[in-house]
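Protein chains: 4
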Amino acid sequence: MNKLDAGAKGVYLIAVTPFAEDGSLDLHSTDRMVDFYLDHGANGITILGIMGEAEKLTAAEARLFTKRVLTRVNGRVPVVVGASSPGFAPMRELTMSVMEMGASGVMVAPALSVRTDEQILAYFDMVNEILGPDIPWVLQDHPVSTGVKISNDVLIEVLKRSPSCVMLKHEDCPGLGKLSAIRAASARGDIARVSILTGNGGGLFLPEELIRAADGAMTGFAYPEMMVGVCAAHAAGDIEHAYDIFDAYLPLARYEQQPGIGLAVRKHIIAERGAIASPTVRRPGPKLSAADIADIDRLTKRLAKRLISFGLDQG
Amino acid sequence: MNKLDAGAKGVYLIAVTPFAEDGSLDLHSTDRMVDFYLDHGANGITILGIMGEAEKLTAAEARLFTKRVLTRVNGRVPVVVGASSPGFAPMRELTMSVMEMGASGVMVAPALSVRTDEQILAYFDMVNEILGPDIPWVLQDHPVSTGVKISNDVLIEVLKRSPSCVMLKHEDCPGLGKLSAIRAASARGDIARVSILTGNGGGLFLPEELIRAADGAMTGFAYPEMMVGVCAAHAAGDIEHAYDIFDAYLPLARYEQQPGIGLAVRKHIIAERGAIASPTVRRPGPKLSAADIADIDRLTKRLAKRLISFGLDQG
Amino acid sequence: MNKLDAGAKGVYLIAVTPFAEDGSLDLHSTDRMVDFYLDHGANGITILGIMGEAEKLTAAEARLFTKRVLTRVNGRVPVVVGASSPGFAPMRELTMSVMEMGASGVMVAPALSVRTDEQILAYFDMVNEILGPDIPWVLQDHPVSTGVKISNDVLIEVLKRSPSCVMLKHEDCPGLGKLSAIRAASARGDIARVSILTGNGGGLFLPEELIRAADGAMTGFAYPEMMVGVCAAHAAGDIEHAYDIFDAYLPLARYEQQPGIGLAVRKHIIAERGAIASPTVRRPGPKLSAADIADIDRLTKRLAKRLISFGLDQG
Amino acid sequence: MNKLDAGAKGVYLIAVTPFAEDGSLDLHSTDRMVDFYLDHGANGITILGIMGEAEKLTAAEARLFTKRVLTRVNGRVPVVVGASSPGFAPMRELTMSVMEMGASGVMVAPALSVRTDEQILAYFDMVNEILGPDIPWVLQDHPVSTGVKISNDVLIEVLKRSPSCVMLKHEDCPGLGKLSAIRAASARGDIARVSILTGNGGGLFLPEELIRAADGAMTGFAYPEMMVGVCAAHAAGDIEHAYDIFDAYLPLARYEQQPGIGLAVRKHIIAERGAIASPTVRRPGPKLSAADIADIDRLTKRLAKRLISFGLDQG
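These protein sequences, in sequence, are chains A, B, C and D.
Using my numbering, you'd call the opening residue of the first sequence number 355 and step up by one each time.
Using my numbering, you'd call the opening residue of the second sequence number 355 and step up by one each time.
Using my numbering, you'd call the opening residue of the third sequence number 355 and step up by one each time.
Using my numbering, you'd call the opening residue of the fourth sequence number 355 and step up by one each time.
Here chain A stands alone, though its shape is the one from the complex (with noise of 0.2 Å):
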């Protein structure tokens, strides 16, 4: 039950992974950040993606903090699970379980070893009878990760061959253009419409997505309000507003979006809200110096500032 499917749209949270000091797992904050995401609006919540720190889990630690969040999000939004694998057998093997636990779909990369456009549509066609007809999954388009560059033309076949692909996250940069083809293939019923979630640079270009016809974002910007907010004003026809909440949170989101050390600088701030016990990355990763933390301090402060003079304040 709660299976994914092309109807869906909002905010999906990135979850991160949450640790203690000592780089355990830590189970007590897991249940203390799906209720600060679904708090703040979430229509659903994705985990073990890159930013969830899936490769550093142990395989009893992945299930284990799965189970965790399902159970206490307890069905009121979709959870889904990212299973993307260098092969099949672990995607396989990762996707049934999760299923079973009670996910509502699994979100697959291309692996890194695919590069033609011929090779793509073989991999998503493996994957389509590697998963099977019941299972809904999410394409995640991320080629700064996967190294995988998917043409606005191999896309659309990939979506026309997968019937059980209900949601692309759209993370392709420059990804407008491509938004426009594949809303523009749904519309001359080439494809049937699915679900796009934006992921591009943290939410970096929301405003912009949505009028290309996003139906919403999938990302993990530490103050899930913003993408709310956003998303909000925008289904209410609201551009104007819609970019006025975003660009109170841009300098701040912006921030977050350095590669390398983005996901410290996250988690610097959901802890700083409550949300998680400890800050830490789980090695090899990133730490933040005495000057980072003051440039976040310095952006945090000048936000509140901000949604209290635009009136944006919700507290």
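The hints are simulated quantities; they were obtained by calculation from the structure and are not laboratory data.
Among these hints, one or two may not hold up.
Heads up, the list lumps identical chains together, so a pair's fine if it works in one copy or across two of them.
Unchecked claim - Computed cross-link-like contacts, SDA-like style, restricted to lysine to any residue with a CA-CA straight-line distance of at most 20 Å: (1) 503 - 537; (2) 659 - 637; (3) 503 - 626; (4) 514 - 476; (5) 503 - 466; (6) 514 - 546; (7) 363 - 627.
Values in this document were obtained by computation on a predicted structure and should not be read as measured data.
Since the structure of chain A is provided, determine the placement of chains B, C and D on it from the hints.
For chains B, C and D alone, kept in the frame of chain A given last:
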């Protein structure tokens, strides 16, 4: 005369190369562009960089364009010329040629083939040997385009061995820690203080970079007044005002930073502002769609309003 | 017991993982393959490497396969298990699990994200911390698959800091100079002497590597008797005879080294030789065409003739 | 006159660029090298390729060297000039200049920035437009140096759209299947038959490539008589003899194919054979160690003996 030195500060514009709609070099617009940059307070100009489409020019065109810029600038500010090359013979040939024409220095990024620390040090040893002791040069540290990741310690060692390297164009990302490390090395007396101008993401981290003791920016965002204003406010000790200016332009600066189409966005805005006749990017290069242009128009209008509401409008 | 140590020498076979035609793990062939390697004179066996399709196995399959190999080997030779992983927690989990089953050591290559010398040193410091002082490990230096280029000096420094790293799997290319540099460092007393087994191009440089004081080969060419014979001739001081053997097999070894389809060629030959039931490569993986198989047949026949004409035939 | 056409066959030598010990262009050796190649039966010469250190030459040097080669060849065989460039303007400039000097055609590899099938097709459409209908060109398909992986279908489509592309320099690896696919496309009448010369690994797969209907080799192995002999034996229908010749040279050809130092090995041998005065590789470039040279000496002596024992010695 007018040679670049380690005291350089402020804003060095990364100049575009103007083309007519048919793709030919537009020398008349070259003059207008120089005027535009200088009128907006540029402290220097850098030509034939990546954003200058240097590799799309014939050798004759590169010479012609350089000559035109130097003539128009006429010694008012330093002009730096990109001289990166896979081979040392062409690097030397270009350098000698532009220095004779009156350039103030050249900019060099490591070749793609360089990988280990040992290779990086050997590479810049050869650069020093090739350029000799009398030509000031800028080290461009831009891993995204070169694939060469220079650690803090290695960068400091390169600077130590390179007495005529007077400036670092800092665009590693994350790069704030590296900035702090280099300044600390100077403070300890390990290396002479060099000028550091930052180019990260077209200036997307400028306020934080100035806080870490950068001397200014070397980037090409279509609104030079942003960088000029931020640097001036910072120099005046008003960090919050520096951020106010920065924040106003950030939504547009962010849009201009999309990889792949960023240069087309930049040229579109510069052309709209009257600095060049045509936004043409030479092939192979991107074109903006109507939807892209609508995005830019909306962001430009929001910028104008915001400048007024913040009292930042200088018109 | 039977722990790997720095005195290891001779030929360690990189084992394939046998699959039935339907892609399922073939445990019966696993036994035959172990026998085949040992009958041909293997001094050790390495499993779950790149050529072992490790990342296509589920965790349960990897355990099952490891158990089967260890049971069949039954302590006659050391068994090394590949334990490279993007995260340290899964690396530790797998290591502890296989050491408990009776493995002789694990093999570790640096993660893809590692770039600078500083990062390389930090990475292996963490490996040492994670594995602890009691588990012997093999450093796999294979830039083609990892993207990590380790300079001679850095490799020597890693070895110096890693008392339980008892072996280098040497497959940097060109790598002869690196081999000489490491042996020189031991000779100077800078580092303890480690075992160096070479894997470059499936043994394509074995005679030269032995001349540079490698201790043997760790590779998986379908004719283990080539490596065994070359090592024996070299140990007997007959370099020309070592080359005679090598040269006879070279046309086939070269054919097996084609990137992308090499593993399919290897499994085809091993299956033809009766060591495994099916040449199946698990998906995603290559298949041989009829023309490829005709090539292999021709090369195999030429090999047989040549062995006879050179008096190298051992049948 | 002497324009390259689709009937080209045999051996086109990838020429080195001779430098004196001080790194200056050695024009006298250029003459000797041309004589050496032609005396050994070359059917054509290709200059300014990767192994010709093209990117280390100044524009003036490239012109001077081209002129010298063309003068010495004096129309006896076709001369192909490498014209790959990140920009179309310099590609056109160089092409026009060398065609005017008397080159028979140019060779073009795709730019590094090209990724998807769509981009590959667009890229070569532009090449066709830039070069026009009258200049014969060679498509260099070398993913290792360009990073551009062209699938069989896309390569066939490029050839279909490129009437003046008369030759494929085939160096994708594994590439035998691609060779078969292109010949099948010609046989079906989908595309005109082009000349296919192979360069894979410096000729390391030449016998198999000829079996798949390649027309010859375009590579620079220091013993052109190997490729000439193999092609002649194959043309005479004696595949086993072709292999006999190939096998004799293979240990040395393999040694010359080490990435990174291969060119230094090649120049060393060519210099030893008297074709050029110095083995100097222009900086940045590798140097051979005494141990490397001892390896080459041993392999050269073994080659000489083997040629005699097989009756292949032509001296």
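Hints, verified against the model:
1. Only within a single protomer do residue 503 and residue 537 lie at most 20 Å apart by alpha-carbon distance; the minimum there is 19 Å, versus 29 Å between protomers.
2. In this assembly of identical chains, residue 659 and residue 637 lie within 20 Å of each other by CA distance neither inside one copy nor across copies; the values are 35 Å within and 46 Å between.
3. Neither within a single protomer nor between protomers do residue 503 and residue 626 lie at most 20 Å apart by alpha-carbon distance, with minima of 37 Å and 32 Å respectively.
4. With identical chains, the CA atoms of residue 514 and residue 476 are at most 20 Å apart within one copy only, with a shortest distance of 13 Å there and 24 Å across copies.
5. Proximity of residue 503 to residue 466 under the C-alpha cut-off of 20 Å is found in both arrangements, the shortest distances being 11 Å within a copy and 14 Å between copies.
6. With identical chains, the CA atoms of residue 514 and residue 546 are at most 20 Å apart within one copy only, with a shortest distance of 7 Å there and 33 Å across copies.
7. Taking CA atoms no more than 20 Å apart as the test, residue 363 paired with residue 627 passes in neither setting, with 26 Å inside one copy and 39 Å between copies.
Going down the numbered hints, you'll see the structure goes against 2, 3, 7, while the others check out.
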